[in-house]
Amino acid sequence: MTALLEARGLVKRFGGVLALDGLDLAVAPSEIIGLIGPNGSGKTTFFNVITGIYAADAGGVIFDGVDITAVSSRAVYRAGISRTFQRSRLSLPLSIFDNIMIGNHKRLHQGLWFNLVSRGEFKREFEASYRAARALVEVFEPALASRMFEPVVGLPMIDRRRIEICRALISEPKLLLLDEPSAGMTHDETAELMNDILLVRERNKDLTIIIVEHEMGVIERITNRCVVLNFGRKIAEGAYREVAGDAQVQEAYLGVA
Amino acid sequence: MAEGAEKTRAPLWPCLIALTAATGYLIALLAAEKQTLIISLLALGIAVVVAAAWFRLLEKVRRSFADHEDTLGGFAILAALVVAAFFHEDHFVLLLVITVLLYSVATLGLNVQFGYAGVLNFAGASFFGIGAYTSAVLNAHTALPHMVVLLVGGLVAALVGSLLLLPVLRTRGHYAAVVTIAFALLFKTFLEVNDVLGGPQGMQVKGMNILGWSFNDNIEIGKISLSFYMNYFVISLLLLIGAFVVVRRLERSWIGLNLDALRLDETAASCFGLDVVRWKITAFLIGNFLIGIAGALFGMVGSFVAPNNYTFADSLILVSILLLGGIGNPWGLIVATIIVVVVPEKLQTIQEYRFLLYALLVIGVLLFRPEGLLPRPVRRYFPEWRP
Chain C
1 MTALLEARGL VKRFGGVLAL DGLDLAVAPS EIIGLIGPNG SGKTTFFNVI
51 TGIYAADAGG VIFDGVDITA VSSRAVYRAG ISRTFQRSRL SLPLSIFDNI
101 MIGNHKRLHQ GLWFNLVSRG EFKREFEASY RAARALVEVF EPALASRMFE
151 PVVGLPMIDR RRIEICRALI SEPKLLLLDE PSAGMTHDET AELMNDILLV
201 RERNKDLTII IVEHEMGVIE RITNRCVVLN FGRKIAEGAY REVAGDAQVQ
251 EAYLGVA
Chain P
1 MAEGAEKTRA PLWPCLIALT AATGYLIALL AAEKQTLIIS LLALGIAVVV
51 AAAWFRLLEK VRRSFADHED TLGGFAILAA LVVAAFFHED HFVLLLVITV
101 LLYSVATLGL NVQFGYAGVL NFAGASFFGI GAYTSAVLNA HTALPHMVVL
151 LVGGLVAALV GSLLLLPVLR TRGHYAAVVT IAFALLFKTF LEVNDVLGGP
201 QGMQVKGMNI LGWSFNDNIE IGKISLSFYM NYFVISLLLL IGAFVVVRRL
251 ERSWIGLNLD ALRLDETAAS CFGLDVVRWK ITAFLIGNFL IGIAGALFGM
301 VGSFVAPNNY TFADSLILVS ILLLGGIGNP WGLIVATIIV VVVPEKLQTI
351 QEYRFLLYAL LVIGVLLFRP EGLLPRPVRR YFPEWRP
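Chains as they are written, first to last, in the working numbering: chain C, 1 to 257; chain P, 1 to 387.
Some clues are possibly wrong.
Okay, the calculated beta carbon distance ranges per label pair [claimed, not checked]:
1. C:TYR54 to P:GLN351: 55 to 63 Å
2. P:GLU266 to C:TRP113: 19 to 27 Å
3. P:THR71 to C:SER118: 18 to 26 Å
4. P:LEU360 to C:MET157: 36 to 44 Å
5. C:SER118 to P:GLU266: 47 to 55 Å
6. P:PRO387 to C:LEU254: 47 to 55 Å
7. P:PHE382 to C:LEU254: 54 to 62 Å
8. P:ARG386 to C:ASN195: 28 to 36 Å
No lab work stands behind these hints: they were computed from the structure. All values derive from a computational prediction rather than experimental measurement. Glycine included, every Cβ here is placed at the ideal spot set by N, Cα and C.
Kindly produce the complete structure, drawing on both the sequences and the hints.
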């Protein structure tokens, strides 16, 4: 089977630090991959390189048969990769609906004439988008669906995460990158959020997910396969149970006894 | 409960009462001559607003306004007409009203740039001046219809503004603002040493003339005589309505959303496909276009342009209107423009201390009401629309 995403020999340097050191990673379509490793092992850098926020110093990334190594963040999104951020990056003064629509950019008409003059057509697109966004929000939290035009700033962390995930999902990406979705949330909230993510997966079996996570319970429950990074290199790969038992992995997390 | 969530519509009357009271108050203030009377009126105005806020009446007005914005827009136009009709013979007051209208257009332009796209422009008065000088030159040397001259004024301002695009796009935040300050200083010096444009003395601007109707003649209809400024009042009002509709629609569209997204988080916005450069350029050009048109018309109204009218200090006044009114709220801008233009003009005793007053006002607003007098509400694409 051909991989949906394939990274080959990816290198990213920050001054003297090798954040990614020749990383190889292949993700098959509709897989859920857990990307784990201690702090500073290069997980978020990997996301940032894929999504074009950082340029890779060497190596390449192929997505869906297209080389996306050197393309802009915009092009990566258009190709079908959406992400969430480790530290929530919602636009806080804007409404829930607005935040989700930011993620829908590629499917909305952006012309000046369409937006300023053809208000009838604009209204139809707006209403269709509203229904889509509302349906998606309802999957995660029905209570939020009636508050679509309230600013995000007043919402608790779990709701913000949900909206961030909705923003990433609204454009129906092929690949979803989740960067520590449990950060800043309680254990129960995390469990709830994961159920919601699995629910979305139920509806769209083709969706491929890479998740960076420190809560091993989450990783164990939802991933098909785990990749463990340390110092920007892959040190183990396989099902969660195999990886968790790996001596090298234990050493990376706990140090040498 | 937050705005937009209410299922039942608020009544129209609180807002109508507020608008009527405000119009009456404005007429009284504009008509007052004695300094003591003006000072008491200003004190009364502040007291009424504070009292209304205290008794939570303003909240009622706000809700009613949010639900009937388009209707109220119509009534606001009517209010402007009433004010002009009341002072139909008074050159001075009409000029003041026109100044408010055209400064509002200019600050709407700044609002697109700073309020939405986050590009702070400290050269607002310069672009206003570019429009004014354009109409001075074109009216003197060409037979271009004056309506076209207005458009060209806007286009020239946008075009000259595009010189700033590269530095503005390459720098961020304060640094981009410094670039515009440099431009404002450069622009004034350029005018002063340029003999073709009249040097420091400036030049005359021919009055507006549309299809043989000269705007600089007083109007006689039967026994009623109207100040020639009535001509300019009508066209300025039309310009403001047009600019207002454009800016309102811009905000209530995906473009407005794009601008907000890039202002708040460029990185996240570009991770969702937004072309930051394209939309910053769009906002900057639209903003300068509006400022330029307003300037072109203002040049004809004043019939004279000189470098000293378009200084960095004037740009600061435009920015202070933006801060005072509520960044991103077009209605707030109009209220703030009225305050900033009318109060010093009526209150002759403080004329020399104008800038001191502005400075205190801006500091006060930033300290106690950082979102401005009328904070920008959450975007509602169609105010009357309910899910």
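If you check the beta carbons of P:GLU266 and C:TRP113, does the distance land in 19 to 27 Å?
Given range 19 to 27 Å: holds, Cβ gap about 26 Å.
Could one say that the CB atoms of P:PRO387 and C:LEU254 fall in the range 47 to 55 Å?
52 Å, holds
Supplied distance hint 28 to 36 Å, evaluated on CB atoms of P:ARG386 and C:ASN195
For C:ASN195 against P:ARG386, whose Cβ atoms are near 32 Å apart, the range 28 to 36 Å holds.
Kindly confirm whether 55 to 63 Å is satisfied by the beta carbon distance between C:TYR54 and P:GLN351.
Taking Cβ atoms as reference, C:TYR54 and P:GLN351 lie about 56 Å apart, which means the hint holds.
That 36 to 44 Å hint for P:LEU360 and C:MET157 (C-beta), does it hold up?
40 Å, holds
Quick check: does the Cβ-Cβ distance between P:PHE382 and C:LEU254 fall within 54 to 62 Å?
With a Cβ separation near 58 Å, P:PHE382 and C:LEU254 satisfy 54 to 62 Å, so the hint holds.
Looking only at beta-carbon atoms, does the pair P:THR71, C:SER118 fall within the given range of 18 to 26 Å?
23 Å, holds
Given the hint of 47 to 55 Å, is the C-beta distance from C:SER118 to P:GLU266 inside that range or not?
About 29 Å separates the Cβ atoms of C:SER118 and P:GLU266, which means 47 to 55 Å is violated.
Hint violations for this structure: number 5 only, all remaining hints satisfied.
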